[in-house]
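Enquirer: Chain residues, written in single-letter form:
2 protein chains.
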Amino acid sequence: MKSIYLYLFFQLICFNVFAQNKPNIILFLVDDMGWMDTSQPFGNSTMPLNKQFHTPNMERMAKQGVLFSNAYVNAVCTPTRTSLITGSSSARTHVTNWTSIHANEQTDFPDSVLKTPDWNVNGLSTGANQQSFLIKKPLPQILKEAGYFTIHVGKAHWGSLGTSGSDPTELGFIVNIAGSSLGHPQSYLGTDNYGNLPGKTTFNAVPDLQQFYGKDIFLTEALTQKAKKAMDYPIQHQKPFFLSLCHYAVHLPIQKDNRFVDRYIKAGLDPTEAAYASLIEGMDKSLGDIMDFLEKKGIAKNTIIIFMSDNGGLANTGRGGKPNTQNYPLRGGKGSAYEGGIRVPLMVKWPGVTKPNQRTNQYVMVEDFFPSVLEMAAIKEVDKSTIRDGKSYVPLLKNVSYADTTRALIFHYPHRWTKNENEAIAWTSAIRLGSWKLIYLMKKKQLELYNLASDLSETQNLAQTHPNIVAQLAKKLGEELRSRSAQMPIWKATGKQVAWPDEL
Amino acid sequence: MKSIYLYLFFQLICFNVFAQNKPNIILFLVDDMGWMDTSQPFGNSTMPLNKQFHTPNMERMAKQGVLFSNAYVNAVCTPTRTSLITGSSSARTHVTNWTSIHANEQTDFPDSVLKTPDWNVNGLSTGANQQSFLIKKPLPQILKEAGYFTIHVGKAHWGSLGTSGSDPTELGFIVNIAGSSLGHPQSYLGTDNYGNLPGKTTFNAVPDLQQFYGKDIFLTEALTQKAKKAMDYPIQHQKPFFLSLCHYAVHLPIQKDNRFVDRYIKAGLDPTEAAYASLIEGMDKSLGDIMDFLEKKGIAKNTIIIFMSDNGGLANTGRGGKPNTQNYPLRGGKGSAYEGGIRVPLMVKWPGVTKPNQRTNQYVMVEDFFPSVLEMAAIKEVDKSTIRDGKSYVPLLKNVSYADTTRALIFHYPHRWTKNENEAIAWTSAIRLGSWKLIYLMKKKQLELYNLASDLSETQNLAQTHPNIVAQLAKKLGEELRSRSAQMPIWKATGKQVAWPDEL
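Chains as they are written, first to last, in my numbering: chain A, 665 to 1168; chain B, 665 to 1168.
Hints are supplied without guarantee of correctness; some may be wrong.
Treat identical chains as interchangeable: a pair holds within one or across any two.
What the hints assert, rightly or not - Okay, derived cross-link-like pairs now, EDC-like style, lysine to aspartate or glutamate, Cα gap no bigger than 20 Å in a straight line:
| id | residue 1 | residue 2 |
| --- | --- | --- |
| 1 | Lys893 | Asp782 |
| 2 | Lys1048 | Asp1119 |
| 3 | Lys949 | Glu959 |
| 4 | Lys903 | Glu809 |
| 5 | Lys800 | Glu1045 |
| 6 | Lys893 | Glu809 |
| 7 | Lys800 | Asp1068 |
It should be emphasised that the hints constitute simulated quantities derived from the structure, not laboratory data.
Quick caveat: nothing in here was measured; it's all calculated off a predicted structure.
For reference, chain A alone in the conformation it holds in the complex (with noise of 0.2 Å):
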């Protein structure tokens, strides 16, 4: 009789005290965010466009945890949410562009030159559907069966419809709201029931969020309130939760949010700016009430919070102003290799392993969220099926100042995104190594180097004055993209495939 009681009592020591000490993780992640769309800067001072956004409480989260300035994603969206939860980085996966919400449907504009790749058109999965990333375990799962209570809370585009990707309680999420196949709403507008309207209704329509149907309330808002709804079980039941709280702002369409517009108009922006900035501060006010309601409920000590964006703000068509300035310094936006396509904003918040008001220039690159959330929970991946190109940065967390040289960043976009190809927006591989930067220009059989200690703006191309570190950085650009099997555009007057960088 003693022995079931001391079992039981293991039992529950197992399943409860040790699963109550593990932190709350809060993934806030921002869609189409650039780098600079924020009064908090990122870069080393203050910059004009820092000054035309209102993010009152990115700055207060900046003061309590530490900011990255220079974090990297993919170019585009369902790359960076794949690299995500799989800790793997679009090259292997093959899921190298957004997926469209129709299965098997190619997404790439049309190219008379090269021929895209047969990537993973459908996203991922974790059934045998055909075009799709296979993963037995996506991180949502792993935290599930460590005991985290799994939300998915809006924006998911981890896969098509008709696929286990299309739907986030299929990839370890307990709870989803809003979450599907679609990579933009319909409309933020709860006055437009977020586009289920008969008639016009599309697949762009935000799933879940009726009772909100005929108000005015702004998408942002009533995904805040829905997450925060969502929250109330496993902290009753204080069981460590794991919050993906994906908006959908602020990718197009771009509709102003009342509730914030007037300082920017005011301001002079353009309608259209104006209408982005509010944008904008509607996510922000969002992660102020998120971090509001954790001190209300008394888990703030208890939980991190990782604040990112999933590609750089959009800079090529549908903002205000003149294309390519949406990011400056940064050159670019959204599906560039240039710096404005991929670096964001990223801060973790971590009480007590995070110290206050910190900054770290080392660079990150999005599938170290993976394991980075692993340490935080002190799971130990079992699962070998999968090859990991993460690397934590819990290290990073604790000492700001660690600063690592040797580590290659590796992009790979082997698609044309838009009709518009300049700005490294199609076409493209890139590595990043220590302040180096090559990028590949597949149509152009060029490589352009740059030195971002010196030269953030990506100006001056040393490729001609420095053809050592260009066949350095070349070499090591193609071993990697090789040895993760990524796959290369064809020339469609050959039918061969592009040439590695390494064999230009």
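Could you slot chain B onto chain A? The hints should help.
Expert: The following block gives chain B in isolation, referenced to the frame of chain A:
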């Protein structure tokens, strides 16, 4: 230090061992299923319609638990669903008719003589929505607070779009899959995306099942798969769960389930009735799949299943065959105050409590579900802000021969459902007391009296020959309606309220 351990231990005990000992509870609710729509007889003998259907899993369940031959619900959908989770009769909630998808929309068929009272057209809500029955703690919320993991899958239909009643997660469900304001699916077919077809999408498109889009997976099957998936978490964490698996089947549109329809075509049924029978068999397979799942997971012995329908079988229009024969020997169908509209299948299996293969003839009412579930979960209800009308049927489960002929069941439908007004399908109240049943036909200013013991089919109106019983039942019905603040229609010609049944 020792006291901390003791405290911890008791905390753990309270949160776990006790919680684990609570039984899981599954509400398996079918939509619009009639009392005769099954090969499992609910009457005292096998009747012709029983031979038309094939429901082996209902037969299997009947062999394992208690079958109720006299289980009553409201004549249409939302009132029953509201009573289920409030424990209050529809006469009291003023949710007396089905609710529109659209807020503030009357659903009554227009009538030139009677005006519908100002009922709660938006259903129930937990917030201060106008024209809703306000309930602070619906049953799922109470269960959730008591440690239950609460899951809703399928049709909800508790309230209109734009109100909290449209979202089961606002009613206490932690997980909601496919439930909202819609009362029937736009399509049962995965190949139709369950109605989510841009350009054709209506508010009746079923939400949340994106992974099945384009696939030949019938809605009933899709919901079953998601329900099993949703049970994973509480099973893994040894949390008691409440699963509300509410099928859209067998409501219109009557679409054939190709897995099962051939049997019925071969048996000579017309296409509509063959399709209807295939909807029934698909539902029955779901019941079997759930029972198999519980057995496979080793939790069948600690899981209560409550099988029921929300109103009588459709017999008025939209079905094959001659109108009002579809529930024979019961008279009428959905919407009607005759037995065909309000008597439904009910079975309860509670391992360790119910004995195998039992049957009770004691009449019970839909609002009994609420106190029964609380008793099953050993929860003492403390919220006194809502008046409950139900009575737990748990004593009946333990002693099926228990008989109470003094209890009155009250039905109230101050509405006109369809164009057709015959067969007591509009403007009715009714009372059952012992074997007697009195129906008040408001528009006709008539009272009909039936003895169900000798006249199940309600063919012999005994009002003329038993005036004393009529008076006694009319008095009781009037008293009960007034005590519940029931609403009566208004005579358009005079502006006066329809008389109470004891004022005729």
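Enquirer: Hint by hint, say whether it matches the structure.
Expert: Consistency of the hints with the structure:
no.: 1; hint: Lys893 - Asp782; verdict: neither (42 Å within a copy, 32 Å between copies)
no.: 2; hint: Lys1048 - Asp1119; verdict: neither (40 Å within a copy, 70 Å between copies)
no.: 3; hint: Lys949 - Glu959; verdict: within (15 Å within a copy, 48 Å between copies)
no.: 4; hint: Lys903 - Glu809; verdict: both (12 Å within a copy, 14 Å between copies)
no.: 5; hint: Lys800 - Glu1045; verdict: within (13 Å within a copy, 43 Å between copies)
no.: 6; hint: Lys893 - Glu809; verdict: between (22 Å within a copy, 14 Å between copies)
no.: 7; hint: Lys800 - Asp1068; verdict: neither (32 Å within a copy, 56 Å between copies)
In this structure, the earlier hints numbered 1, 2 and 7 are contradicted, and the remaining ones agree with it.
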